[in-house]
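Trainee: Mind docking chain B on chain A? Use the hints.
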Amino acid sequence: MTIIKNTGGFVPRDRNWQPAALTPQYKTSVKRSPQAALLSFPTTLSEETNPVFGHNMLGDLDNDLIHNYAASGESAIGPRIIVHGRVLDEMGRPVPGALLEFWQANAGGRYRHKKESYLAPLDPNFGGCGRTITGEDGSYEFRTIQPGPYPWPNGMNDWRPAHIHFSVFGHGFAQRLITQMYFEGDPHIWLCPIVDTIDDKAAVESLIAPLDMHRTVPMDSRAYKFDIVLRGRRQTFFENRVEGM
Amino acid sequence: MTQKLEYLKESPSQTAGPYVHIGCTPNFTGIEIYGEDLGASMKTGPVKGQEITIKGTVFDGTGTPLRDAMIEIWQPDGEGLFNSANETRGQADPNFTGWGRSPGDMNTGEFTFETVKPGAVPFPDGRMQAPHVTFWVVARGINIGLHTRMYFEDEAEANAADPILTRIEHQNRVPTLLAKKEADGVYRFDIRLQGEGETIFFDI
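As you go down the protein sequences, you meet chains A and B in turn.
Heads up, the first sequence is in full-length UniProt numbering, so the first residue is 1 and it goes up one at a time.
Heads up, the second sequence is in full-length UniProt numbering, so the first residue is 1 and it goes up one at a time.
Hints in this document: simulated from the structure, not taken from any laboratory.
Certain hints may be false.
Listed next, the stretches of chain B that the computed footprint assigns to chain A, with coverage defined by at least 3 CB atoms under 8 Å from CB atoms of chain A [as the list claims (entries may be wrong)]:
(1) 11-22
(2) 94-100
(3) 120-134
Chain A regions said to be covered by chain B (calculated; three or more residues, Cβ under 8 Å) [as the list claims (entries may be wrong)]:
(4) 36-45
(5) 173-185
Idealized CB from N, CA, C, for every residue including glycine.
This is chain B alone, in the form it adopts within the complex:
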């Protein structure tokens, strides 16, 4: 016998189900109890840095768009600082929350985030990571939230030196993490849950 470690176990995840929008974006479903849905806007005033739009669609393994997903993003401000109690490197832009939540379009499932291009953030060893946005996807049929990252295709130099991107075994899958520039300040990041072009998901 040994002493017991007595750690607790993380609560197991269960699917967000088909009605996640009732709980997380109730105004979107017509239930008006709170003010604006949380995460509907990431800017609370004039922001620093380049303002961008991120659009995309989540596809299942048959190529069908998900219209019942909830997508969240989390990112630093234009200078690489997080608007978070755990940010110790400086004061983030007070007009930028860094967090967005979208129920997707009711008919097409397409999500849209009006945000800023994130600054770079260091890896734990001090090397700089390429600018990226954290994505978290939940929906009916997804048993535990899927975590991934969006990088920018027009940051080729930073991507080529990124500590995570360069460690991916199947380099031919790296483009699944790269947002495509559609126009000035408009990026598309489609997420494929399964099969051909399956997005790389993170256990992080």
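Next up, chain A with everything else stripped away, as it sits in the complex:
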């Protein structure tokens, strides 16, 4: 028998910290939420491995949303910002080589999508997506314009706070995560039914990026700092004992 040694599994998700599946204030969740209990198991190789994404797949403008869809010599309209931070695990270790994909509305709060119906105009020079891969210290950065808030069909008058969506791959499929970054000081954060799917105020605050004057580029771009934490992995010299489960 093959005994896999010294490869502790991933720490279980804290399901009280994470949003529940059924959150009636966010109406679409009502018919899209499983009702049965989740099946809990320690991670196996299927969750402790992950696809490989190399830096060589990235184009020069993949992390520059101001220019990656713009016509030559033009740029997207809106407040110019740099978003930067680190991807860490729950043990505080940096996660190098993590693929981050991000997408967002334009400065007027409009997405480039055929199902989008908001009357705010499209920006011909803004596509709304980008991607990057973290460096050896888990750090990343990209340049974009600050997205606008926008109304959405849920309650009669619900508005999304300005946000950027993030999709994250770590080192194991167990770490796979999609989340959203919000902006410090946005009053819509505390009114939003999607934000409200998270019960814990500290958990919500962990998705709010502060203005980071140290990283602003004078006369060019402001900066916001957004760290992302993925599930941690146990490290042990003791064998994983799962018999009798």
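Mentor: This is chain B only, laid out in the frame that chain A set:
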């Protein structure tokens, strides 16, 4: 008072929303910045093992197909090796990525993956698991990505000895994890988010 553990908390999940395809499969939405959408093809050359097609649809609690989901799969190659930096047991088939991503069909929502039948992979205690494919589903209305596994109905012997399948309390729900063989090399795996026939989802 005690010392502080000082671990960090995992970033909370937020829904992928209705526009996940802009970020993850932009070419599918007509935004052409990158080359091919990531995960659109799992084979980069001739692959070892049995080539198969996996098809399916994600249904909500009313039986309506989701047409705004994103489905990802992750699996080992035909010999049970992952194309991953964390694979220590050997060298996986270099022409098989093991990872697929589908936005589903624009009109029907049906997803399709052209892949290989996965080899078996051991459980942490060394027992072999039945061949399976990891699925991860996100969409508007799903607050945290749903993780499940697809097993094969034509692997009855391996399924009957599988460490996870045999531990499921409600054995009458196990068929929700079994792909149905539609033709030679074609398997159907429908996912039901809620209600009758609700797929077993994993906290793993």
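Trainee: For each hint given before, does the structure comply? Return the numbers of the non-compliant ones in rising order.
Mentor: Violated hints: none at all, because every hint is consistent with the structure.
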